[in-house]
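2 protein chains.
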Amino acid sequence: MPELRKDPITSRWVIIATERAARPSDYAVERELPRTEPCPLCPGNESMTPPEVLAFREHNSPANAPGWWVRCVPNKYPALASGHAGRSGVGIYDAMNGVGRHEVIVECPEHEANLATMAVEQIEEILWAYRDRHQRLAGVENLRYVLIFKNHGRAAGATLEHPHSQLIATPIVPRAVAEKIEGAKAYYGFRERCVWCDVVAQDRADGERVVAENERFIALTPFASRFPFETWVMPRRHHASFASIERAEIGELAALLSLVMRRMHTALADPPYNFILQTAPVVFEREREPYFHWHIEVVPRLTSIAGFEWGSGMYINPTIPEDAARILRETSA
Amino acid sequence: MPELRKDPITSRWVIIATERAARPSDYAVERELPRTEPCPLCPGNESMTPPEVLAFREHNSPANAPGWWVRCVPNKYPALASGHAGRSGVGIYDAMNGVGRHEVIVECPEHEANLATMAVEQIEEILWAYRDRHQRLAGVENLRYVLIFKNHGRAAGATLEHPHSQLIATPIVPRAVAEKIEGAKAYYGFRERCVWCDVVAQDRADGERVVAENERFIALTPFASRFPFETWVMPRRHHASFASIERAEIGELAALLSLVMRRMHTALADPPYNFILQTAPVVFEREREPYFHWHIEVVPRLTSIAGFEWGSGMYINPTIPEDAARILRETSA
Numbered sequence: 242m243p244e245l246r247k248d249p250i251t252s253r254w255v256i257i258a259t260e261r262a263a264r265p266s267d268y269a270v271e272r273e274l275p276r277t278e279p280c281p282l283c284p285g286n287e288s289m290t291p292p293e294v295l296a297f298r299e300h301n302s303p304a305n306a307p308g309w310w311v312r313c314v315p316n317k318y319p320a321l322a323s324g325h326a327g328r329s330g331v332g333i334y335d336a337m338n339g340v341g342r343h344e345v346i347v348e349c350p351e352h353e354a355n356l357a358t359m360a361v362e363q364i365e366e367i368l369w370a371y372r373d374r375h376q377r378l379a380g381v382e383n384l385r386y387v388l389i390f391k392n393h394g395r396a397a398g399a400t401l402e403h404p405h406s407q408l409i410a411t412p413i414v415p416r417a418v419a420e421k422i423e424g425a426k427a428y429y430g431f432r433e434r435c436v437w438c439d440v441v442a443q444d445r446a447d448g449e450r451v452v453a454e455n456e457r458f459i460a461l462t463p464f465a466s467r468f469p470f471e472t473w474v475m476p477r478r479h480h481a482s483f484a485s486i487e488r489a490e491i492g493e494l495a496a497l498l499s500l501v502m503r504r505m506h507t508a509l510a511d512p513p514y515n516f517i518l519q520t521a522p523v524v525f526e527r528e529r530e531p532y533f534h535w536h537i538e539v540v541p542r543l544t545s546i547a548g549f550e551w552g553s554g555m556y557i558n559p560t561i562p563e564d565a566a567r568i569l570r571e572t573s574a
Numbered sequence: 242m243p244e245l246r247k248d249p250i251t252s253r254w255v256i257i258a259t260e261r262a263a264r265p266s267d268y269a270v271e272r273e274l275p276r277t278e279p280c281p282l283c284p285g286n287e288s289m290t291p292p293e294v295l296a297f298r299e300h301n302s303p304a305n306a307p308g309w310w311v312r313c314v315p316n317k318y319p320a321l322a323s324g325h326a327g328r329s330g331v332g333i334y335d336a337m338n339g340v341g342r343h344e345v346i347v348e349c350p351e352h353e354a355n356l357a358t359m360a361v362e363q364i365e366e367i368l369w370a371y372r373d374r375h376q377r378l379a380g381v382e383n384l385r386y387v388l389i390f391k392n393h394g395r396a397a398g399a400t401l402e403h404p405h406s407q408l409i410a411t412p413i414v415p416r417a418v419a420e421k422i423e424g425a426k427a428y429y430g431f432r433e434r435c436v437w438c439d440v441v442a443q444d445r446a447d448g449e450r451v452v453a454e455n456e457r458f459i460a461l462t463p464f465a466s467r468f469p470f471e472t473w474v475m476p477r478r479h480h481a482s483f484a485s486i487e488r489a490e491i492g493e494l495a496a497l498l499s500l501v502m503r504r505m506h507t508a509l510a511d512p513p514y515n516f517i518l519q520t521a522p523v524v525f526e527r528e529r530e531p532y533f534h535w536h537i538e539v540v541p542r543l544t545s546i547a548g549f550e551w552g553s554g555m556y557i558n559p560t561i562p563e564d565a566a567r568i569l570r571e572t573s574a
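In order, the protein sequence lines correspond to chains R and G. So the first sequence is numbered by our numbering: it starts at 242 and just counts up by one. So the second sequence is numbered by our numbering: it starts at 242 and just counts up by one.
Since the hints were made in silico from the structure, they are not lab data. One or more hints might be untrue.
The list cannot tell twin chains apart, which means a pair is met if one copy fits it or any two copies do.
Listed below are the simulated DSS-like cross-link pairs for lysine-lysine, each with C-alpha atoms no more than 27 Å apart in a straight line [unchecked claim]:
| # | residue 1 | residue 2 |
| --- | --- | --- |
| 1 | K247 | K317 |
| 2 | K426 | K317 |
| 3 | K247 | K426 |
None of these values were measured; they are calculated from a predicted model.
Just chain R, with the same shape it has in the complex:
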């Protein structure tokens, strides 16, 4: 019989469809990547993007020229743009100017690289870029949230092959984050403990959903995973905001992320995936919020989202999370 499991943060129910139990080889997905010639993110083509807003580059190399190892530029076709934060009513409806930022974080100069195969040191550099842009944009008026994410592979929505992450800063706290805050606040109100801290404690005690851990970070497949092989990576100790991450932590995070990405790459044959950094809204930052705990969601895109998911807001996951964790644990990387 299938099992329904409830996410302790959002109270969302997930159907763990054991009748359809699926192993990695049961998922057939589009793997081919789109080709763009010439690649606007490759060194030498810097003029194809808007001017860089941040670059880690060789000393004395000029801006918007080769010599960088991580480079951030505004998106050429931004979903949100700088401007005046006007709000208005339209009859019974509400509208707002689409103010915000939309940036591309080019993760490395090499077009064919992959988070799963690159050096841990390069992943550290990418994380520093995430932190720097997050800190910078957190101070901008009218921006309430900074969402950093990555789409890898065509089935995950990537439109460029060159490894890159994206950042969208929004004038509102996005609904998915607001839902987590609300759920975590309710949990804290009831138990006076952070729900993610409880998840870490429970999953370390049970053991069967832990993919890997090191001194400061843990990777686990959540009890109510919405997607097969969904994996969360988060600090073992309470931290509300990624923006306050420190040097020693960056090193450990990069090491664990690298391990998780390598294992997924091997176990699932370079799956398409989305990678989402969920941190506290910028207004929280100076408050050491006791109920929000930043985390990264890595979501392989192996199943399709169809009418049932849209209509219900529920998900059908054909891989038991404990099986997914075991498979990832046992994959040598």
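Position chain G against the provided structure of chain R, taking the given hints into account.
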């Protein structure tokens, strides 16, 4: 500058990304349909499915044999199944047996048919099957919601080519429906009017989001459409539950649905789409709920859902809803 629009029911903000303004020809999607040989939904292959739970068939034709024009069977690989509704705690987590129903509604005997090209009378028959199964399952203990939906085309999650809809009955009110109820209740509490009734009035007054209407039903592109060419079809007058639909209404609904599907088929070249019937939970049915208003969402799948959408719960729609309505209005079908 892009515009943010708020859905008046769920309070979800949508980014209408005018910088990326997209016309029908800008969307490239997978159109090829999966092939299964032999087709388990074709007449003559009735033994390939579990025994039928409903069939509209020729007088005296035996069950589970040809002679039907609409046929409902349990899904062979159900996401939810009959059984005992046990609930349990697992440490800090909550789980529930996956009780429910998962059925397939075979829409017609013809393998190559399409909702956009079939006769209006056949669509009426499909709607009767929806109503009959909804009424039947609404009376079953432990079932709180009956969700009827359709996935058309590979990019929309279809795995069989033969025209079919699905029904999943759940032991909880699904989150997406609960959110609508909550939003509509809050609106009703404030204004003492149904929010969908207000949407109908506003959009009929504005005119620019109306795709088509007849005596009893209206088709419109919602102000805060999450997806390009998203279209809602609903009764012009207040009705909480689809299950109470009557003969004259079925005829008018089939006629309007047929027109909308034909126009989408022409304007977007047979797009993949999800079709979702959103009606009141079964517990509401005898109450003539003043704030819920049943409706059908038709969602062409032209854009991909990627990291931003997962991380934020927001959507980026590159087609202005008023443009989508105009294009659909001006398409001859």
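Now the hints, each set against the structure:
1. In this assembly of identical chains, K247 and K317 lie within 27 Å of each other by CA distance solely across copies; the values are 25 Å between and 40 Å within a copy.
2. In the homo-oligomer, the alpha carbons of K426 and K317 never lie at most 27 Å apart, since the shortest distance is 38 Å inside one protomer and 41 Å across protomers.
3. Within a single copy, K247 and K426 get their C-alpha atoms as close as 17 Å, and across copies as close as 24 Å, so both meet the 27 Å cut-off.
Checked against the numbered hints above, the structure violates only hint 2.
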